[in-house]
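Undergrad: Single-letter residue listing:
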Amino acid sequence: MELFALILLPLLFALGVAFLPAAQSRMVALVGMLVTFALTIIIASRFDTGSAAKYQFAKSVEWLPDLGLNLSVGIDSISLLLVLLTGLLGPICILASWTSITERVKTFHVWMLVLQAAMLGVFCARDLILFYVCFEFTLVPMYILISLYGSTNRKRAAVKFFLYTFTGSVIALAGLVYIANHHAGLPGRNWTFDINTLATTARGMSTSEQGWILLALMAGFAVKVPLFPLHTWLPLAHTEAPTAGSVVLAGVLLKLGTYAIYRFVLPFAPQAVIEYAPLLAVLCIIGIIYGGLVCWVQTDIKKLVAYSSVAHLGFCMLGMFALNHTGIAGSITYMINHGLSTGALFLLIGMIYERYHTRNMKELGGLGAKMPIWSTFMVFFAMASVGLPGLNGFVSEFMCMLGTFQSSSAWGSSNLWGSLSDVRPVGVTHGNLGPWFAIVAGTGVIIAAMYLLYMVGMIVWGKLREPAGHGAHGAHGAAGNHGHHQGEQHVAVLTTDLNTREIITLAPLAALCFLLGIYPTPILNIIEAPVQQTTTMIEMERKSIALTRPMPRQGSREGSSEGSHGMRAGEHDGNHAGQEHPSPVTTPEEAHK
Amino acid sequence: MKAAILACMLLSIAAGGLYFLTTSGAGSEHGGWVGGMIHPSSAHFESPHFGHSVEHAGTKHEAAGFFGQDAHKLMYYVSAAVGLIGILIAAILHGPKGWQGLFLGNRVIAEKSRADSLIPLFGPFTKIARNKWYVDEIYDALIVKPLYVLSHIFHLIDQYIVDGIVNLFGAIPRWIGKALRPTQSGEIHGYAMGMAGGLAVLLVLVFVLTR
Chain G
34 MELFALILLP
44 LLFALGVAFL
54 PAAQSRMVAL
64 VGMLVTFALT
74 IIIASRFDTG
84 SAAKYQFAKS
94 VEWLPDLGLN
104 LSVGIDSISL
114 LLVLLTGLLG
124 PICILASWTS
134 ITERVKTFHV
144 WMLVLQAAML
154 GVFCARDLIL
164 FYVCFEFTLV
174 PMYILISLYG
184 STNRKRAAVK
194 FFLYTFTGSV
204 IALAGLVYIA
214 NHHAGLPGRN
224 WTFDINTLAT
234 TARGMSTSEQ
244 GWILLALMAG
254 FAVKVPLFPL
264 HTWLPLAHTE
274 APTAGSVVLA
284 GVLLKLGTYA
294 IYRFVLPFAP
304 QAVIEYAPLL
314 AVLCIIGIIY
324 GGLVCWVQTD
334 IKKLVAYSSV
344 AHLGFCMLGM
354 FALNHTGIAG
364 SITYMINHGL
374 STGALFLLIG
384 MIYERYHTRN
394 MKELGGLGAK
404 MPIWSTFMVF
414 FAMASVGLPG
424 LNGFVSEFMC
434 MLGTFQSSSA
444 WGSSNLWGSL
454 SDVRPVGVTH
464 GNLGPWFAIV
474 AGTGVIIAAM
484 YLLYMVGMIV
494 WGKLREPAGH
504 GAHGAHGAAG
514 NHGHHQGEQH
524 VAVLTTDLNT
534 REIITLAPLA
544 ALCFLLGIYP
554 TPILNIIEAP
564 VQQTTTMIEM
574 ERKSIALTRP
584 MPRQGSREGS
594 SEGSHGMRAG
604 EHDGNHAGQE
614 HPSPVTTPEE
624 AHK
Chain X
2 MKAAILACML
12 LSIAAGGLYF
22 LTTSGAGSEH
32 GGWVGGMIHP
42 SSAHFESPHF
52 GHSVEHAGTK
62 HEAAGFFGQD
72 AHKLMYYVSA
82 AVGLIGILIA
92 AILHGPKGWQ
102 GLFLGNRVIA
112 EKSRADSLIP
122 LFGPFTKIAR
132 NKWYVDEIYD
142 ALIVKPLYVL
152 SHIFHLIDQY
162 IVDGIVNLFG
172 AIPRWIGKAL
182 RPTQSGEIHG
192 YAMGMAGGLA
202 VLLVLVFVLT
212 R
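Quick note, the sequences are listed as chains G and X, same order. Numbering-wise (our numbering), the first sequence opens with residue 34 and increments by one. Numbering-wise (our numbering), the second sequence opens with residue 2 and increments by one.
Be aware that a few hints might be false.
Stated by the list, open to error - Pair ranges (Cβ atoms, derived):
(1) X:Thr211 <-> G:Met573: 40 to 48 angstroms
(2) X:Leu151 <-> G:Glu35: 45 to 53 angstroms
(3) G:Trp494 <-> X:Leu181: 52 to 60 angstroms
(4) X:Gly178 <-> G:His390: 31 to 39 angstroms
Treat the hints as calculated values from the structure; they're not laboratory data. Just so you know, even glycine gets a beta-carbon here, dropped at the ideal spot from N, CA and C.
So that you can see chain X by itself, here it is in the shape it has in the complex (with noise of 0.2 angstroms):
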């Protein structure tokens, strides 16, 4: 539940962040979209009115209390009050100089943002921040880079391995007519010498196996 408090305002503050920048200057008119996104917020949006209990109906939820009250309930004006609170907060840190600045209607330029004078409290964060936490560079040499040099690797294997294998096949029969060229040379000596060997060989044959 800290949690959802948590996010619930850091929301807040970043949607009236959003709203209380403009980087047109002030008095520009992009403001008309918070009136819509206040309306159905938490508080309104899953009020008991909603059918709320019907959904969760049958759950430990529904029974549970809270400081006596009914969890749910409470919760609408604790996340109400919180967004409001946040609200209050992306005033002050965005928002123009004074107690006008609480108003809505009144915008910043953003180079002027008071949130500016925050940045040393946080360090390094607001620079990894700004760089969208690495995500991109982190997913980049983690997957991306890996992924290509594997794909490459592959590929090497593919042509000189597998393939390679295959090209082998083809070319004992070459390496064996290489081989065996020499001795179709054409001189009649060779082929006599192969003959009488030849026949020497059948002789022997013959006269292991008819004993």
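Just chain G, with the same shape it has in the complex (with noise of 0.2 angstroms):
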């Protein structure tokens, strides 16, 4: 029941908001997003740590019995985080639009509580058709908010944001329906869109046949997350969108794509998975470090941030196809750490737009003096942007490579390095990746320095540059303009540093930054046995491919199929230290370590 409140709360507060006068939409709108967020601490401090990988809190209610379609719900704890970075991104977004949102006031909140509730219902849902009903559903306040709130190009960025990923997802939802559609069709089964059954039908298909899926599921949620060729609505829609736009998107909405692949794509097509990992892996290679560069050349700094998104999913995404548990681990983290990095550098270019209306680095220099709050601020998130060790970004950076470093069935033969070696390091695990794809996507942490350094040496140090205009009355004219807009009484005079109010959306997100950067530790633990029961299925997918396409024998090396599990066949030619290890999975102690 309490899942069913938590999708429901925000509607209710939304609801509220619309029938309630305009000067006080921001007012009951924070309320409404901080008593979703209580009710997600008071979901999490209630959820039963013991047994992560069980979905706690489920409830199913029937809605077209006939079509098997179930309102079900629950979560384990990889949805629980996720929620619990959308009930924190809530109450901040609503806080960091407070005085930039000066027209419509109602239906920006309207509508940001109601994407609220589409995004934790993805999060919940344990229903396909559920989950994909909220999915599209953050489409249209999304759609919305950037169209009405957005910067000038706002229209085209909305329409392109809508069109593109709608396509994308039409084209997932036919993969879903065609995995209900088979599974209706077996003897004895009806109509039913719960996740589990589906994918347990799904993983019996043939290879082949999961390729397609993979395929209609990734052209959906690749274009949400978004993988390389996909990414373009990204900067648009990003650039565009007001800053809490901006930060939703960032924070939860690119998370709805990576979610959706760990949730589906993993478990309905794994043996298409095991088989396109590699080039799925290139994809993500090649967004690190081609949106990292395109990132560098950027003069607007709310789209080098945008593309750095494109960089970051790209090591989210490459530690998922690991298909470890160290890799798909970091994925996990990184979506959180990337929502609280990259939101809070939204927030922060937000804030800095919202004084000088301008993005553009070139009109923008030496704030460190004239903002010092605000600058620390960013150095910080851009530091954890980076991936400096002590704050989160580093943690999951770092696992997501680990992952892919390891995850090679080459590793102890002359496949690795081209000449044969005997190294197998702990923790080395099956998958068709490795070093090679570790250290190319490792030049994308030099890179990530590189442009947010960059920036930041920018606009933060130097002499001081402001856009032409903006002189000794500082920051002030800024929100006094709009004031009289619809009669706002309480829109408050930006100070030329930081107010509280803006100091409080920022400090929750440091915090955790930071906290997660020195002690990741209780959400490794939390997210331990959803990932090892994802990575158990996957290991035993991987020795069905194996038995079914037999290796062909090398002379050389006598029984060396036996070793080599989930290669493509005549790929690698064999793996002989797979039997001097018997059991190279690796177990979550040693991915820990």
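Fit chain to chain and form the complex, with the hints in mind.
TA: Written as structure tokens, this is what we have:
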């Protein structure tokens, strides 16, 4: 019941905002978000961490029984983390828009609350259709937020965002319905959209059939992530969206894609994922390097941070496609960490935009002296985003790369480095990525440092540069100009540096970045069980592939087919170390070391 | 080992030079750290009393002799001597004129350094060294500039190719609409023609299919 309440609460408050006078919208929306966040915390506190892989607070209400449609909800620890992140970002977004949204205040807050409900619905859903409805429904509020409250190019950005992601997810829906249809066609089965049931069915399909499902699902979810060639909606949408929209986009909406890939693509088409992991990883790596380099030449700060999401999500997905415990756990922590640090970066840029009405790095500079508090936060979150050890970005980025590094069945054979080596480090797993993937992706870390430090250097340090016409009266004109719209009485005049409200929006994110940077163990512990379940499933699928498609035996190595799980036939000529280490599957204990 | 000795000597020359040279004129009191630097030199720091042999126990190093001497022990004296020679050379090069130059506590202004007379001896190397071996310039030319150009190329690719394809998909319906727009002219003749043509096609289809 708690989860239904969680989804309905923001909707209830949205109704409240709609029927109360506009002057109260902000307060009502803030209270609504805070109550929702409080509920997520209550749920988290009652979550049984002992059985984190189980879907807790599960509840199912019959909807259309003939079609097998149920409104079923439930969360495991991974959903819980994302629910918490969504809950936390909700009030922050409302607070961040306190003075910047001055027109159509009511509409803005109604849609923010509706968006919150839809996002929470995605993470709680245990029924495919409920998931899909919520997944798609996030587009509507976001479309309205961008097209009404965005900057100059907002209409185009909104339409592109909507059409691009919508087209993709329709194909994903086709894939999902195909599985449901296949399930209903099996003897003795009925229509159902229960995720676990369908996952079992989908795993029974052949690898090539799974390949098509993979393609269909990725068409929808990879757009959302976004993976390399499907990312062009993102810089536009991020840049044009209002601050709160950008924060939600970066913080939660992109995670809908990664979450969906974890929740659907991995369990529905594991054999195909195992098969195509190198290809998908290559796309991730292109995204990391290409996205990073494109970041570097941006002059628009917001666009720079937007492109950085392409690079960062590349890391996140790379870790997931490593298909081992370290990689997937890293990927999930990356979702949280990216939401915190990039969300905060968008907040910071929004604060600057509100004061200077420009996002052009050439017009801004040397703000360190003028806005020390803002600059401190800026440097801090840029460092978190770069992946400075001690801050949250590092933990997840490192885990993603370590997972990728270890994920190769060629460890201990000549296929790894070109010459035969018996080096087989602790924690290596089966997989078809390996060190080269990690090494190439690793250059992305340098590139990330390059563009983020370049940005910080441009706007925080150096000589003070301000846009023309922004002289002695400081930053105060900005809010004042809009203050008379809709009889807004309480629009505060902005201070030169951050005011208390703005510090309150940033402080929790900073605290979490710091805490998760030095002590990520609680998160790693809580996601261990579900990730373990996923990796066990993948290992089983790997073995079944190896059984159905025996490797061509190489004359020099007798019985080498025994040790080669899940590699494409003929790609690697064996894995003699597989026999020396009968169970090279990473145990969670190893993965954490 | 030769390299180590050479490095040791170069370092001591450099360190000695740093000691003997001051930028603020003679008699400056920046010398306090030199004593500290000489003291934990390799001769003292890695002495056998410091459990050095424990660290390397089991390696072949320990057993190897050098002209009947323990190689490690010998190395302490060699490096100490080399270090002292280096300091001596630094004193000759950079210290004040005369034999007083050999003693600590005498310093000379950087511009008057005797080492300057050696500049012609090294030819172009002085200039290269003065420009920090052009490391920054080489780095800039080999890595930064190409990456920067590549980034711009990527940005263009992103705008015109990757996004261009996406926009193309958006443009196709618009083109189709544009192409079909003339047919919706509002002229009755046109619609009548279309109707007649459509009927004709249908009739042919029916005729063919029912045969």
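Undergrad: Which hint numbers does the structure go against, in order from smallest to largest?
TA: Result: hint 1 breaks, nothing else.
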